[in-house]
Amino acid sequence: MKPLVSAVRVGKKFGDHQVLYDINIDIMPGEVVCIVGPSGSGKTTFLRCINQLETIEMGALYLDGELTGYRVENDIVHRLTDKEIARQRRITGMVFQRFNLFPHMTALENVMEGPTRVLRQNRQAAREMAMNLLARVGLVDKADAFPNNLSGGQQQRVAIARALAMQPRLMLFDEPTSALDAELVGEVLAVMRDVAATGMTMIIVTHELNFAREVADKVVFMAEGRVVETGPPHQVLENPQQARTKAFLAAVVSKKQEVA
Amino acid sequence: MMLSLGLEGSMNDQRKPDMDLIDISKLKHARPLHIGRLAAAALLLAAVAYIAYAFAVGTIDWSVVGEYMFSERIMRGALTTVVISVIAMAIGIVIGILTAIARSSRNIVLSSAAMFYAWLFRGAPMILQLLIWYNLALVFPTIGIPGVWEAKTVVVMTPLAATLIALSLNQGAYTSEIIRSGMLAVDIGQYEAAKSIGMTYPDTLRRIILPQAMRVVVPPLGNEFIGLLKVTALASIIGFGELLGTAQDIYYSNAKIMEMLFVATIWYLVIVSVLSIVQMWIEKRFARGFANGGRHG
Chain A
46 MKPLVSAVRV
56 GKKFGDHQVL
66 YDINIDIMPG
76 EVVCIVGPSG
86 SGKTTFLRCI
96 NQLETIEMGA
106 LYLDGELTGY
116 RVENDIVHRL
126 TDKEIARQRR
136 ITGMVFQRFN
146 LFPHMTALEN
156 VMEGPTRVLR
166 QNRQAAREMA
176 MNLLARVGLV
186 DKADAFPNNL
196 SGGQQQRVAI
206 ARALAMQPRL
216 MLFDEPTSAL
226 DAELVGEVLA
236 VMRDVAATGM
246 TMIIVTHELN
256 FAREVADKVV
266 FMAEGRVVET
276 GPPHQVLENP
286 QQARTKAFLA
296 AVVSKKQEVA
Chain B
5 MMLSLGLEGS
15 MNDQRKPDMD
25 LIDISKLKHA
35 RPLHIGRLAA
45 AALLLAAVAY
55 IAYAFAVGTI
65 DWSVVGEYMF
75 SERIMRGALT
85 TVVISVIAMA
95 IGIVIGILTA
105 IARSSRNIVL
115 SSAAMFYAWL
125 FRGAPMILQL
135 LIWYNLALVF
145 PTIGIPGVWE
155 AKTVVVMTPL
165 AATLIALSLN
175 QGAYTSEIIR
185 SGMLAVDIGQ
195 YEAAKSIGMT
205 YPDTLRRIIL
215 PQAMRVVVPP
225 LGNEFIGLLK
235 VTALASIIGF
245 GELLGTAQDI
255 YYSNAKIMEM
265 LFVATIWYLV
275 IVSVLSIVQM
285 WIEKRFARGF
295 ANGGRHG
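As they're listed, the protein sequences go chains A and B. According to our numbering, the first sequence is numbered sequentially starting from 46. According to our numbering, the second sequence is numbered sequentially starting from 5.
Treat the hints as calculated values from the structure; they're not laboratory data. Take these hints with a grain of salt, some might be off.
[To be verified] Chain B is faced by these chain A residues, among others (derived, beta-carbon under 7 Å): (1) A131; (2) P148; (3) F191; (4) M211.
[What the hints assert, rightly or not] Negatives, chain B to chain A, calculated, CB over 10 Å: (5) L48; (6) L83; (7) E154.
Because the structure is a prediction, the values reported are computed rather than measured. Positions of the beta carbon are idealized from the N, C-alpha and C atoms, including for glycine.
Next up, chain A with everything else stripped away, as it sits in the complex (with noise of 0.2 Å):
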């Protein structure tokens, strides 16, 4: 079985700034993996880069065996169009922090926006996929709802429902939690949990260590921009190898003891 993703030696500057450093991931097509780390460690970039919100200056980052964001011939790199990039996107699905919902359009026209404009479909046969899209969410009632109408936490779960809709093979989630009240947090972990149910290939950057360790199948820990440990969450977030993944669990659980 080849790997969905796979980064080869990934690097990544902002300006003079470098941001990603020599990043090696393979991820295989059903896993579930969780990146975690410090903030600014770069997590949330490297997903980016992987549906090619950001470009990449070193390496290489292969998407189903393809070359992402570029062309080699003989020994030459062309940049891809728009259009092959946009085609690229396809394979993956992408959740945002701050839900990115569009607010023009009710819950039901941003699960259809894609599969209608994108994929051509025709409008009946779209409606009905994104109504049993809303459905597996639980926000049938709230198809005619707009966003701004909406809970953050709904927000969250009908951005999942219109990512689905593109049928994605790989689906990426950035801090999908992070921006939400605490008692609507479970509700989205349970939709995640769902589509990790399925067999949907995830890439997920979390705070949510318990939810982590519970679904993945594999979790990442990066920090200054570089990944640290990877391993099976009771390997990398019970038994951690490295002292800096060791520094920063401890942060997290005495954070979580003051809290409480």
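Position chain B against the provided structure of chain A, taking the given hints into account.
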């Protein structure tokens, strides 16, 4: 905790016996005397009465105003003003949107050209632009595409054509900056969300960004439209028969100068009032998903 409890206790001790008897919702409330309001109203009334009196005894023939208000020439002038404004605004919005998109393009040639266009047509006075377009024949006796189509400039550049071109190009330059500010007001996350579902850039602009930008730009565009409507009056200097020009033509022959100017004023105010209603309706349409416009029913 202890401190506040202690305070409460001491307050209870000092409470006067009638403290339990007053409930402000059960008592009659004194009416406040709005002295400022009364004074302002009195002053304004006096001013209005004075102005009304001045007009009543002034040498204005109100029957002439009434007579010409709905005369065919005036009505045609008013209609011309409205039609030319609507067309110039429509063209201006199309040019404005294209220019705004070009301006925010990564293509440096396009963005520079857009900037140059806005700079040129916002910079030169409107009246000057009207005169230049109208007198274009002095520079280019014939215009056209060589070998395909050619015409004498004097014939093509009628007052109507010159007015329409000058107003549209000027309006496009102003509108482009308004549209651009509206596009900038849309959250960057909207572009990213559209990208993430595989939308192309043109689709993203048409379906996601512009509809949201429109919500922000309708009020300033309404303002622009009213400005444009009044600027059409300038076209009278190149002999274009809009509302003010028509009123002037009439008073040149009947010498009822103020009467005709009042007729024109009243028509401008009526047109602007109707436009404000249209603007409210458009605003409501683009408010879909926001506040009142977002609620069903």
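Status of each hint after checking the structure:
1. Residue-level restraint check for A131 (chain A) holds (minimum Cβ-Cβ distance to chain B is 5 Å; threshold 7 Å).
2. The interface hint given for P148 (chain A) is met, as the beta carbon of that residue sits about 5 Å from the closest beta carbon of chain B, less than 7 Å.
3. Annotation: interface hint on F191 (chain A) holds; nearest CB of chain B at approximately 4 Å, less than 7 Å.
4. For M211 (chain A), the interface hint holds, since its Cβ comes within 7 Å of a Cβ in chain B; the closest pair sits about 5 Å apart.
5. At the 10 Å boundary, the C-beta of L48 (chain B) stays outside the reach of chain A, the nearest C-beta of that chain being 41 Å off.
6. For L83 (chain B), the shortest C-beta to C-beta distance to chain A comes to about 35 Å, beyond the 10 Å cut-off, and the non-interface label holds.
7. With a closest Cβ-Cβ approach of about 40 Å to chain A, E154 (chain B) is found to remain outside the 10 Å limit, as its non-interface label requires.
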